[in-house]
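Visitor: Below are the chains, spelled out letter by letter.
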Amino acid sequence: DSGVTQTPKHLITATGQRVTLRCSPRSGDLSVYWYQQSLDQGLQFLIQYYNGEERAKGNILERFSAQQFPDLHSELNLSSLELGDSALYFCASSVNLHTEAFFGQGTRLTVV
Amino acid sequence: ILNVEQSPQSLHVQEGDSTNFTCSFPSSNFYALHWYRWETAKSPEALFVMTLNGDEKKKGRISATLNTKEGYSYLYIKGSQPEDSATYLCAFIIDFGNEKLTFGTGTRLTIIP
Numbered sequence: 000d001s002g003v004t005q006t007p008k009h010l011i012t013a014t015g016q017r018v019t020l021r022c023s024p025r026s027g028d029l030s031v032y033w034y035q036q037s038l039d040q041g042l043q044f045l046i047q048y049y050n051g052e053e054r055a056k057g058n059i060l061e062r063f064s065a066q067q068f069p070d071l072h073s074e075l076n077l078s079s080l081e082l083g084d085s086a087l088y089f090c091a092s093s094v095n096l097h098t099e100a101f102f103g104q105g106t107r108l109t110v111v
Numbered sequence: 000i001l002n003v004e005q006s007p008q009s010l011h012v013q014e015g016d017s018t019n020f021t022c023s024f025p026s027s028n029f030y031a032l033h034w035y036r037w038e039t040a041k042s043p044e045a046l047f048v049m050t051l052n053g054d055e056k057k058k059g060r061i062s063a064t065l066n067t068k069e070g071y072s073y074l075y076i077k078g079s080q081p082e083d084s085a086t087y088l089c090a091f092i093i094d095f096g097n098e099k100l101t102f103g104t105g106t107r108l109t110i111i112p
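Here the protein sequences line up with chains C and H, keeping their order. So in the working numbering the end of the first sequence lands on 111, straight run, no missing numbers. So in the working numbering the end of the second sequence lands on 112, straight run, no missing numbers.
Source of the hints: derived by calculation from the structure; they are not laboratory data. Just so we're clear, the structure is a prediction, and the values are computed from it rather than from any experiment. Possibly wrong hints are sitting among the right ones.
When the alpha-carbon atoms are kept at most 20 Å apart in a straight line, the in silico SDA-like pairs for lysine to any residue are as follows [stated by the list, open to error]:
1. Lys99(H) to Gly51(C)
2. Lys57(H) to Leu46(H)
3. Lys41(H) to Gly51(C)
Let the hints inform the model, and build the full structure from the sequences given.
Guide: Take a look at the structure:
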C-alpha cells in the first residue's frame, strides 16, 4: 500500500457526461501529479500541484481540469467525455522534487 | 518537446543472468531522474531518484548510474530472478521551474526461468 488513495477504482459512464476523480496523497506529501494511461500507451503527464498551487501542466485537454484543496487532496474533473477518454488515471504524490513519487492504484474510466 | 527515451523496448533474460537498459534524456537542462518498476496490474513503484552527475544508487541486486552531461542513465539488474519481471520506467524533471515528471515508455523485462 503506497498510502495514496484514489476513488473510485472503476467508473463507467456515457459519452457527454462529467466525472470527478479523487486523490488523497500520502500524509505529509505536498505535491500531487495526475497521469493518464490509455490502451498500449505510457504514462502521459496531465498536471501537477504543489501545496495547492498548479506547478506544471502537460497536454491536458481543455475539457479536463483539476485542483488541489487546502487539505491537499486533489480532484481531476473530466467533462464532455468522449470514447477516447477511456483510460486508467493515476494520481501520485511526493514530498518534493528530490523524492520519489508514490502512485495510487488508479481509477479505470470507461466511457461507453 | 523534451522526450525521455528508453531502450530496449523489451528484453528477455535467462534467470541468473545480469542485464541492463538505458534511459536517455535531454542534457541541456536537468533537475532529477527517477527510476520506477511497474508490475502488471499494479502501480509503479519507485526504485531511485538521482540528481547529481555521477550518482550511483543501489538497492539489493538493482543499481543505477547517471550521466547528466551526456544525458543518460543505466539501470542494472544482477542475477535476474523471475520476480524482476516488470516494466522499468525512467522519468525526468527538466528544472525547478518546470516540474513535469515526464516518463519514458519503459523497458519491459521478462525473466525466463
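Visitor: Determine for every hint whether it applies to the structure shown.
Guide: Comparing the hints with the structure gives:
no. : hint                 : verdict
1   : Lys99(H) to Gly51(C) : holds, 16 Å
2   : Lys57(H) to Leu46(H) : holds, 9 Å
3   : Lys41(H) to Gly51(C) : violated, 28 Å
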